[in-house]
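Participant: We have chain A already, so just place chain B on it with the hints.
2 protein chains.
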Amino acid sequence: MARTIARMTSLNSTQIYNFCAGPAALPKEVLQQAQREMLDWRGLGVSVMEISHRSADYQQLATEAEQRFRQLLNISQDYAVLFLQGGASLQFSNIAMALLNSSNQAEYLCNGIWSNKAALEASRFGNVAQLDVMRIDSNGHRSLIDLANISRPTNPAYTHFTPNETIEGLRFSQLPQTDGALVADLSSCILSEQINIADYDLIYAGAQKNIGPAGLTLVVVKRELFSQMNFDQCPSIFNYQKQDQNGSMINTPATYSWYLAALVFEWLERQGGVVAMEQLAIEKSNLLYQCIDQDEFYTNPIALKDRSRMNIPFILKDESLNATFLQQAKQADLVGLNGHRSVGGMRASLYNAMPLTGVQALTDFMLHFKAHHG
Amino acid sequence: MARTIARMTSLNSTQIYNFCAGPAALPKEVLQQAQREMLDWRGLGVSVMEISHRSADYQQLATEAEQRFRQLLNISQDYAVLFLQGGASLQFSNIAMALLNSSNQAEYLCNGIWSNKAALEASRFGNVAQLDVMRIDSNGHRSLIDLANISRPTNPAYTHFTPNETIEGLRFSQLPQTDGALVADLSSCILSEQINIADYDLIYAGAQKNIGPAGLTLVVVKRELFSQMNFDQCPSIFNYQKQDQNGSMINTPATYSWYLAALVFEWLERQGGVVAMEQLAIEKSNLLYQCIDQDEFYTNPIALKDRSRMNIPFILKDESLNATFLQQAKQADLVGLNGHRSVGGMRASLYNAMPLTGVQALTDFMLHFKAHHG
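Top to bottom, those sequences are chains A and B. Numbering-wise (the working numbering), the first sequence opens with residue 1 and increments by one. Numbering-wise (the working numbering), the second sequence opens with residue 1 and increments by one.
The hints are simulated quantities; they were obtained by calculation from the structure and are not laboratory data. In this text the structure is predicted, and so the values were computed from the model without any measurement. For every residue, glycine included, the Cβ atom is placed at its ideal position computed from N, Cα and C.
20 angstroms max Cα-Cα, derived DMTMM-like pairs, lysine to aspartate or glutamate:
#1 A/Lys-28 x B/Glu-37
#2 A/Lys-330 x B/Asp-40
#3 B/Lys-28 x A/Asp-40
#4 B/Lys-330 x A/Asp-57
Computed Cβ-Cβ distance ranges for the label pairs, DEER-style:
#5 B/Arg-36 x A/Leu-356: 25 to 31 angstroms
#6 B/Ser-173 x A/Arg-341: 45 to 51 angstroms
#7 A/Leu-120 x B/Ala-129: 34 to 40 angstroms
#8 A/Asn-149 x B/Gln-59: 41 to 47 angstroms
#9 A/Gly-247 x B/Gly-374: 39 to 45 angstroms
#10 B/Glu-29 x A/Ser-320: 45 to 51 angstroms
#11 B/Gln-327 x A/Thr-14: 44 to 50 angstroms
In isolation and in its complexed conformation, chain A is listed as follows:
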């Protein structure tokens, strides 16, 4: 049976669809270009990873990548755009080290594993109000509460939130209001929807979902915020202001990752930019949610209003079929569908690099699987 499904879904192509939550699939065209240029970049006769970050050629790449990223998200010069290392997890520490002191407090809105991790790490460096903003609603679904209904700290130094929780598959559809600076971890949704950067004071994202390979982290910070930051306790290379003054090159950056991000930004432009990606994300996630919602065979545990467009967890009514589902999916060239080790079940991540055809192949497979096991 598995082979029948495998044959059916992969009949016209040997395309493998990779639903991994991160490090995640990159656009095939980007990998093909990287492959072509691996030993000879721009006719230099060497790889882009073999040249000095201070060379004119690399400086041009770095500058153009930043400009493209600014254009994609409409980021003005009021904000610094930094290409750093260490992943989003390092920003958990760094933001708190820079913004917290002995006389202030930060507010962390927690709706999943990553926002909780961010709060826990920040609390090592200062006073943190950790607010649980997730509830189980009357349908048994995870749901974001209305922030107007809870007690919140007054005048926090900043409010931190995670617009898309990668593991739980939960998305803020509205921005939280705050008197403090608004800080957001956009790791799993950046470049998949339009944002109004003026709403934020600092956003950051690990690259390995919608930007490029793991090991690169983008930080966008309002330059006005520098005056409220204290970098005395931070490693020098995590002084945002110094990095801004030095083009993110206080020390050697992750040059190859930056190059791949540049290719992804060019690819995004060719696809129609973030506007097109947002439309596609809505279309892809709707298709998968419709398939899940047909009956009780598959279930997504998130309230309708808070469903993620990027990470869609689902469980089988009969969980004893999980292993069979994953095994047959793999045989049908649908990989990376296992849920996070902390929650189990299945999860399909639909980042920008996932084409609509991939989601169609997945829903085709899911319907056939249901037909044989329902």
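Facilitator: Using the frame of chain A, we list chain B on its own:
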């Protein structure tokens, strides 16, 4: 004339030799393998940069890479081997944050720009004795002083030194003695010569010279040292002990850089390991120094006993020829020869990936250049 030289040195091949100090040349075979595997790693149908670091396939790669690295440098299980991010510069901060407190002091032996940077960064986090161990000798050469002749702090928490100074081209041929822990930045010489790991308590190296692409940092730390470390002031992901307990995966590591490092380690094994690399480094550097030392046309400013095998700076007697030299070298497919922006002149970096034929091509070019301009 330049084209004559270009034709001569590249007659039998279109091979470009890249002498960049870092990010530096990688072995061509490694890049070719990475190119072949870019879209399909180990038959998975996806790139190695597109899979979860927690997948069985990636775990195997990571574990094997660590084992190979241990074998190459004969590193026992008394030491943790960590694959981190942030470059050597982040370790400047991290080591001091972990080992310094209000009642101790560290000794930094400074013989160039990088050791000075390390000391300066450490002094932000504690008491640092910064010792200038470089002198101009009677021949006008930069020379390491005999540590027995200077006043040194007693019982430092640790002594930090930089066995090879990348910019000045200066190498410690003997290990400094110390009552404290011995800490070394091996960024520009790791895997190019045998070391006795038992002599050290902590070594670290940015990858972008002898290991792989920029954005990966290797840290080797004696597990006994953990008890003297305090990670309260560090970002959690820079807690060496926690990283050791978590296979360097507290958070997503730089997976593609780790993969490339793994390929480099395999390549090193095929070349005969560090023993062979050390012999080759001696041969390559001798060849270039002999060419420089023929007469006054070229000069290397370092005392014979302290010359680097990895980074060889040289100046032309007539510095007005610098630009011509670099331009004609480039036409002869010899690239990356400009000196560091802080010192000018020329520099040839002869890391492991530079074959002997590359140094032969360089010395051939230098002799011809001298014949036309001497």
